[in-house]
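Visitor: These protein sequences, in sequence, are chains A and B. Those letters in the first sequence? Residues 458 to 816, per the numbering used here, in order. Those letters in the second sequence? Residues 3 to 310, per the numbering used here, in order.
For the record, the hints were derived by calculation from the structure and aren't laboratory data. You can take every hint at face value.
SDA-like cross-link-like pairs, simulated, lysine to any residue; straight-line CA separation at most 20 Å: (1) A:Lys816 / B:Leu263; (2) B:Lys304 / B:Val182; (3) A:Lys816 / B:Ile271; (4) A:Lys606 / A:Gln667.
Given the structure is predicted, the values throughout are model-derived calculations rather than measurements.
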Amino acid sequence: MKHSIKHLIASVAVGLGIASAPFAQAEEPLKVGFVYVGPIGDHGWSYQHDQGRLSIEKHFGDKVETTYVESVPEGADAERVIRNLAKAGNDLIFTTSFGYMNPTIKVAKQFPKVKFEHATGYKTSKNAGNYLSKTFEGRYVAGFVAAKKTKTNKIGYIASFPIPEVIRDINTVQLALNKYNPEAEMKIVWVNSWFDPGKEADAANVMMDQGVDVILQHTDSPAAMQAAERRGQFAVGQASDMSSFGPNAHLMSVVDEWGPLYIKRVQQVMDGTWKPESYWGGMAEGDIVVPEFNNVSDEIAAEGKQIIADITSGKFFPFTGPIKNQKGEVMVAAGERMPIKDLLGINWYVEGVQGDIPK
Amino acid sequence: MDIDLITNILYAMVRTGTPLLIVALGEMVCEKSGVLNLGQEGMMLMGAVIGFIATLTTGSLLLGFILAILSGVIMSMLFAGIALGLNANQVATGLALTIFGTGLSAFIGADFVGQPIDGLNPYAIPLLSEIPLIGKMLFAQDLIVYLSFGLFAVIYWFFKSSRAGLTVKAVGENPHAANVIGLPVMRTRYLAVAFGGAMAGLAGGYLSLAYTPLWTENMTAGRGWIALALVVFATWRAERIILGAYLFGLASILNLVAQGLGYPVSPNILAMMPYAATVMVLVMLSSNVVKSKMHTPMWLGKPFHPGG
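Kindly produce the complete structure, drawing on both the sequences and the hints.
Guide: Written as structure tokens, this is what we have:
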């Protein structure tokens with residue numbers, strides 16, 4: 458609780474644009490700021506980033522001082538919050554949602570001495586890098602499990618916003634379906650929100666009404682998992698381990714581990730070796746983790762683990778050709794791996810996905 | 003579309019509309035007495051978190067709902083003390099209540115995120131729930147939904163035919179006149195605000211104990227604000243609030259259903275539908291300006307000094 462109060466006060470200070478007075482210490486701690494799109498209590502995306510922040514505190518102790526501002530809307534407000542964090546004397550600022558990209562780059566220009574790290578975007582500048590986790594690697598495993606588990610051959614996908622990250626993950630699931638169960642059909646429902654438990658549950662229920670028996674989600678609350686549990690169907694968790702919300706429904710969760718990366722970045726700033734880069738880590742780097750499989754047969758779990766092992770070792774890459782788009786045109790030639798640059802900005806569906814990307 | 007699908011859509015429509023209905027009915031009573039409380043979101047969140055914690059720790063859903071209602075009332079009395087007792091600006095006080103409730107609920111609930119509870123399950127009334135189409139919608143819901151039907155009926159009757167309802171209306175129309183003829187203006191307003199708080203607390207409890215039985219920060223996701231708008235567009239009439247709430251629920255569900263069925267309509271347009279449809283229908287209903295004005299509490303949001 459003491460901890461929370463300290464951050465509450467820090468957040469208020471940031472909100473008012475006041476730099477907190479330096480503590481009387483031999484060495485100034487490195488100040489690290491975080492901007493979250495959701496509440497840290499979402500038990501999903503923002504929660505995981507905050508776990509990353511806590512692991513910095515645990516690792517560096519007194520040598521760092523962290524602050525966060527949560528539930529910051531993407532847009533004009535974000536710029537103000539990021540600027541205030543920079544003004545408050547933070548040395549390194551993590552902005553953790555796609556919509557913070559342009560504000561981050563803009564503020565970075567105004568504060569050349571502050572280092573910025575933006576999650577899930579693609580722009581860099583002299584003092585701003587970006588980082589992303591290859592959620593699609595985990596999502597491929599989810600697609601495999603869904604393909605094997607479904608009895609009705611109907612998979613539901615709750616999607617948030619049509620940005621490359623979401624499109625890419627939908628594509629990965631479809632690639633897994635194409636390979637492991639071409640009969641399966643994926644229904645995609647856009648809820649136009651990262652976090653709205655009621656709406657996410659509604660979307661899950663509506664799809665189950667339509668015969669879906671495995672729900673995947675790219676939104677942040679565990680409501681869909683819970684809805685599946687209540688109706689005896691199955692679901693895959695997003696961002697954090699959601700098994701507690703569906704003891705009988707939880708198949709697996711695609712968990713983002715930000716701690717190792719955050720510790721590395723803080724260390725680099727301390728050592729003066731930090732450089733702006735586009736970092737994309739996945740299973741190999743330990744950034745994407747699938748803790749366990751539940752409610753699946755031993756064969757499925759074993760095969761799932763094998764896929765994870767192959768992705769981790771680099772033996773297998775989900776976006777390996779031949780990959781066709783919805784029109785049947787070959788986008789990635791047989792045997793080739795889709796280049797990172799193309800994956801980052803992907804704005805088309807692979808063959809098999811129903812419907813169009815919302816414009 | 004087959005009949006099962008329509009049955010399920012109607013069922014989901016009522017479930018989605020219920021939290022809006024409960025909050026909006028409470029706020030309507032509050033506004034009828036001339037008090038504008040913009041703190042709905044804050045009161046709902048407090049109801050949600052306190053109800054959730056109570057149920058999680060004691061295992062009793064009943065206690066959860068009672069404490070949810072009670073925390074809504076306490077929050078509303080905080081508002082009443084400042085806005086009515088000290089005659090502060092109601093809009094500012096209400097906004098402050100929302101900000102306060104959002105922050106406090108997050109603070110209290112921090113340790114309870116990610117904990118599952120069983121939640122209130124639907125109770126299908128035998129025979130009645132098997133009526134085609136509307137049976138599931140009306141008779142296979144959970145107890146809070148049934149309660150909301152009852153609350154609607156009582157509030158409709160209250161303003162239509164009861165003397166107490168007239169008192170509330172008189173206080174909201176012209177508190178000075180009401181005061182002169184001996185009506186207890188301040189007591190009526192406090193009670194109306196408390197009722198609004200109780201309803202917001204109940205709606206919050208409904209969200210965290212029945213609709214999605216979990217606690218996460220800010221889980222109301224703006225429903226309190228939608229309910230506030232609903233009251234205005236429904237021109238302070240209970241029958242239009244229930245229509246508006248279910249219409250909003252229906253359009254929200256249709257948005258998801260249409261996407262699931264793969265209709266080639268842009269999800270962005272579909273996402274707009276709940277708001278557009280509700281506003282359009284209610285505005286069309288209230289197109290008669292003179293008649294609409296009859297239901298508007300003329301003293302809404304203005305302070306009243308009993309002595310002056």
